[in-house]
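Residue numbers (the numbering used here), protein chains in the order written: chain A, 1 to 274; chain B, 1 to 358.
Since the hints were derived computationally from the structure, they do not count as laboratory data. Incorrect hints may have been included.
Said to hold, decoys possible - Subject to a maximum C-alpha distance of 20 Å in a straight line, what follows is the list of computed SDA-like cross-link-like pairs (lysine to any residue):
hint : chain 1 : residue 1 : chain 2 : residue 2
1    : B       : 160       : A       : 4
2    : A       : 96        : A       : 4
3    : A       : 43        : B       : 194
4    : A       : 132       : A       : 218
5    : A       : 98        : A       : 166
6    : B       : 304       : A       : 236
7    : B       : 6         : B       : 69
8    : A       : 7         : B       : 265
9    : A       : 98        : A       : 9
10   : A       : 7         : B       : 268
11   : A       : 132       : B       : 61
12   : B       : 304       : B       : 131
13   : B       : 6         : A       : 172
14   : A       : 132       : B       : 50
15   : A       : 96        : B       : 262
16   : A       : 43        : A       : 30
17   : A       : 126       : B       : 83
18   : A       : 132       : B       : 26
19   : A       : 126       : B       : 42
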Amino acid sequence: MNRRIAKNTLFYLILIAAAIVFLLPVYLMVLTGFKPFNEVDLKTMWSLPTTGLHLDNFVAGFQQLAPNLANSLMMVIPEALLSALLGSINGYLLSKWKFRGSNLLFTLILFGMFIPYQSILIPLVKFMQFLKLYGDLPGLVLVHMIYGIPITTLIFRNYYAGIGTEILEAGRIDGASLVGLYRYIMFPLSAPSFAVVIIWQFTQAWNEFLFAAVLTNQSHWPVTVALNNLAYSQLVRWNVLMAATLLAALPTLLVYLFLGRYFLRGLMAGALKG
Amino acid sequence: MFRSFKLRPNQLILAVVLMLAGAAGVYYFSNNDIKFGTTDLTSLGLLISGLVFYIGILVIIGMFENETVLSISLLLPSIVAIAIFVYGFIGWSVRVSLSQWQGLRPDYTWAGLEQYYNLFHNDPRFLIDIRNTAVFTVGFIVGCLVIGLGLAILLDQRLKGEALFRGIFLFPMSISFIASGVVWAWLMNPATGDRLTGLNLLFHIMHLDPLINLWFTNPQPWGMAFTVIPAVWQLSGFTMALYLGGIRSISDDLREAARVDGATEFQIYRYIILPMLQPVTLSAVIILGHMSLKIFDLIVALGKQDIRLDVPGVYMWTTTFQADNYAQGAAIGVLMLVSVAILVVPYLVQNMRTETEI
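Make a model of the complete structure from these sequences and hints.
Spelled out as C-alpha cells, the structure:
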C-alpha cells in the first residue's frame, strides 16, 4: 500500500510539473497583460504586479487588433456554417450511397487535406485575381470552404457510417427518396457532428495564416496576419504584444474550454480511422 | 441508365423556376459589376446563380429514379471544386515550375527542370532549408511521441484529476501557430547579461543558471532544434490523446491475464501495451510528419524570416511574393508536395483498401 502511495505521489509530481510547463506561456501572457504600463520591464517579466490589476495592455492591444478581430469573425462564421452543410451532404452520399469508385473518389478528395498549400498557392492567387475575389473576405471564405471539403466530408462520413442502415431502410419502405432520407432522418441526427465540424472549421479558419496573408489586403487582414505584423513591428511594445496575442487566441481558447469535447473529436478525425 | 422516370408537375415547375432564376442571375452578373462597398460581388453572384441553375437540374435528375446518378450529381459541385483547386492547381504549379516566370507578368517559356536543378545545385538557401526541415521533423516527431506516450501512460493510471490534466496538455492545440510563435519568441529571448529575460531570466531566478542558453541563435543545427519546443508544446497533447485512446481500447482482460501470470506493471506496458500501440504510432508519425514537412506559420512568427531558421514553406513564400520569382516558388511548392505525398499516399491507399474489403 505504501508503495502505491509513493508511486502515485511521484506520478502526480511529474504531471503537475508538466502542467506548469504547459501553462507557462499563457501565464506569462495573462501576467503581462494585467500589469500597468509603468511596471512593465523585461527584467521583472516574471514578477507579480505590485499595484493591483490593470487593463492598460489589453486596451492598447485591442485598439491594435479590433478591426482584424472583426474581419476574422466575419470570415469565420459563414465559413464554418457553409463548410458544415457541404460536408454533411458529401459525407451522407459517400457513406450511404456508395457507387463504384466512390471509395477512390473519397480518397482523392481526402488527399486535398494533406497537401502543402504552397504547392497550389500561385495558381490560387492568379485564379482569385481573375475572379476578382482577391484581397477581400468573401474570397477567403470560399477558399477555406473548398480546402475544408476533405476534413468536413471525412468527419461526417465517419459519423454517418456509424448510423445503422436499418433506419434508412425503414424510411425507404415509407417511400422516402435519397433527399427525403437525408432531410427527415439523417440531418436531424447530425447535430453532434455539426457541432464537431463547425467548431473545427471555426478554429482552423481563425488560426490559419498562409491563405489569409496571401489573399487579403491590409484592410481585410484577419487577426493572425495582423498579429504577425504587430510582432514584426518595432513600434509596438512587447507587453502590448502579449496582451494582443492573448486577445487573438482567446476565441479559440474559449471554444476549447467550453466545447473541448467536440474539438477533440474533430482532432481525432484528422487522424483518419474514425 | 434510367430505369424509370416519374413526372411530378410541381417539381418540374420548381426546376424550371430555379433554372430560369439561375440563368437570369448569370446573365445579370455577367453584364453588371456589382459592388457592396469595396467588396466585388460579381463572381460570387455568378457562382451562386450557377448553383441555383444547377439545383434546378438536380430536381429534374431527381425525377429519374436513379439514385446513383443523383448521388453523383449532388457530389458534383464538391468534386469540381476539388478537381480544380487541388488537382488542377497542382498541375498548373508544376507547369509554372517548368517555366522561366520571374516578375509580375506570367512567362511560361519552357525551362525544363532548370528550377529544380538550381535549387539542389546552386542554392545554398534551399540546402539550409532541407537540413532545417530534417532537424525539425526528427525533433518534432520524437519529442511529441516520447512526451505524448509518457503523458498517456501517466494519465492511464486512473488518477484523480485526469480530465483536468488532459485538458491542460491539450489546450495549446487550439492556439494558432502565429500566436504561439509570438509568445515563444519572447520566452526564448537570447539576450544575455543585464538584458536577461524570458526563460533565461526564469532559469536565473530559479538558480538554474547552467540552463541559460542562446536558443535559436545557437550555431546550427542546434539553433533550429529549439524551434521544435513550441511545436512540441502545441502537439504533444494531441499525440497523448491519440495514445490514450489507443491504450484505453486495449481490453482490461488482457492486462488482468498478464497480472495473473505474474507480470509487473512495467512488463505489461513493455510487452503488451506498447506493441499493440504500433498502429497509433504510425498514424501519429504520419500526421506529425506531414505537418512538419509543411511547417510555415510557426517559423514565420518565431524566426522573423531569419535565414538560419528558414524552411521550404517560408522560402516559397518570400521568393514568390517578395522577390516575384514565381517559377522558383512553384518548384519549391512542388517539392514540398512530393515530400508530403511520399509520406501520406501509401497511408491513404492502404486506408482505402481496408475499407473496400469491408
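Hint check results:
1. B/160 - A/4: With a Cα-Cα distance of about 14 Å, the restraint between residue 160 of chain B and residue 4 of chain A holds, given a limit of 20 Å.
2. A/96 - A/4: Distance ~51 Å between residue 96 of chain A and residue 4 of chain A Cα, so the pair is violated.
3. A/43 - B/194: holds (8 Å)
4. A/132 - A/218: holds (16 Å)
5. A/98 - A/166: Status holds; Cα separation ~16 Å.
6. B/304 - A/236: Roughly 15 Å between the alpha carbons, so the hint for residue 304 of chain B and residue 236 of chain A holds.
7. B/6 - B/69: holds (15 Å)
8. A/7 - B/265: holds (12 Å)
9. A/98 - A/9: violated (53 Å)
10. A/7 - B/268: It holds: about 16 Å lies between the C-alpha atoms, which stays within 20 Å.
11. A/132 - B/61: violated (33 Å)
12. B/304 - B/131: Distance ~19 Å between residue 304 of chain B and residue 131 of chain B Cα, so the pair holds.
13. B/6 - A/172: holds (17 Å)
14. A/132 - B/50: holds (17 Å)
15. A/96 - B/262: violated (48 Å)
16. A/43 - A/30: holds (17 Å)
17. A/126 - B/83: It holds: about 17 Å lies between the C-alpha atoms, which stays within 20 Å.
18. A/132 - B/26: Distance ~16 Å between residue 132 of chain A and residue 26 of chain B Cα, so the pair holds.
19. A/126 - B/42: holds (17 Å)
Checked against the numbered hints given earlier, this structure breaks hints 2, 9, 11 and 15; the rest are met.
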